[in-house]
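Enquirer: Sequence:
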Amino acid sequence: MKIKQTLNRFYVADIEAAIDFYEKILNQECKLRFKYPHEDLELAQIGNILILAGSNEALKPFRDTKATFLVDSIIDFKNFLLNNGATVIRDLKTVPTGMNMTVKHLDGTIVEYVEHHN
Numbered sequence: 008m009k010i011k012q013t014l015n016r017f018y019v020a021d022i023e024a025a026i027d028f029y030e031k032i033l034n035q036e037c038k039l040r041f042k043y044p045h046e047d048l049e050l051a052q053i054g055n056i057l058i059l060a061g062s063n064e065a066l067k068p069f070r071d072t073k074a075t076f077l078v079d080s081i082i083d084f085k086n087f088l089l090n091n092g093a094t095v096i097r098d099l100k101t102v103p104t105g106m107n108m109t110v111k112h113l114d115g116t117i118v119e120y121v122e123h124h125n
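No gaps in the numbering here: position 42 of the sequence shown is 49 in the working numbering, and each next residue is one more.
The hints are simulated quantities; they were obtained by calculation from the structure and are not laboratory data. Check before you lean on any hint, since a few could be wrong.
As the list claims (entries may be wrong) - Straight-line alpha carbon distances no greater than 27 Å define the calculated DSS-like cross-link-like pairs of lysine-lysine that follow:
1. K85 - K11
2. K111 - K85
3. K31 - K111
4. K85 - K100
5. K31 - K85
6. K11 - K31
7. K9 - K100
8. K31 - K42
9. K11 - K73
10. K67 - K100
11. K31 - K73
12. K100 - K31
13. K38 - K100
14. K67 - K111
15. K42 - K100
16. K73 - K85
17. K111 - K9
18. K11 - K111
19. K11 - K38
20. K38 - K67
21. K42 - K73
22. K9 - K31
23. K73 - K9
Claimed, not checked - What follows is a set of in silico ranges between Cβ atoms, one per label pair, in the way DEER data are often shown:
24. H124 - D98: 33 to 43 Å
25. A74 - F28: 12 to 22 Å
26. K31 - L89: 37 to 47 Å
27. N63 - N90: 29 to 39 Å
28. I10 - Q35: 15 to 25 Å
29. I10 - K100: 28 to 38 Å
30. G92 - D27: 37 to 47 Å
As the structure is a prediction and not an experimental result, all values here were calculated from the model. Note that CB positions come from ideal geometry on N, CA and C, so glycine has one too.
The whole structure should be built from the sequences, with the hints applied where relevant.
Expert: Structure (structure tokens):
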């Protein structure tokens, strides 16, 4: 079980402006960008920042999620988390990049876990 990367989540209305700004400030290019039509969102990753863009209504269910953990095995993490006082808020599902779930940790922090397709 390994967390490969932790992403800070930024919620925005204008993804183009956000990508342009964060590419400049981080001096890195956007390495991942995709639309998530099921949730009416568009996402982009620049370094350790995950930008989620959409209307206030589309973003509302996700704003309480504080971080995204990219993991090697989402099933292993689900079992570990459930055995250590966490609560699954959004269970495992297929997303454009692989599989994800959203979990409330024992301390109340809400985190998205993602296992990317190989």
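Enquirer: Please write out, lowest number first, the hints stated earlier that are contradicted by the structure.
Expert: 3, 5, 12, 22, 24 and 29
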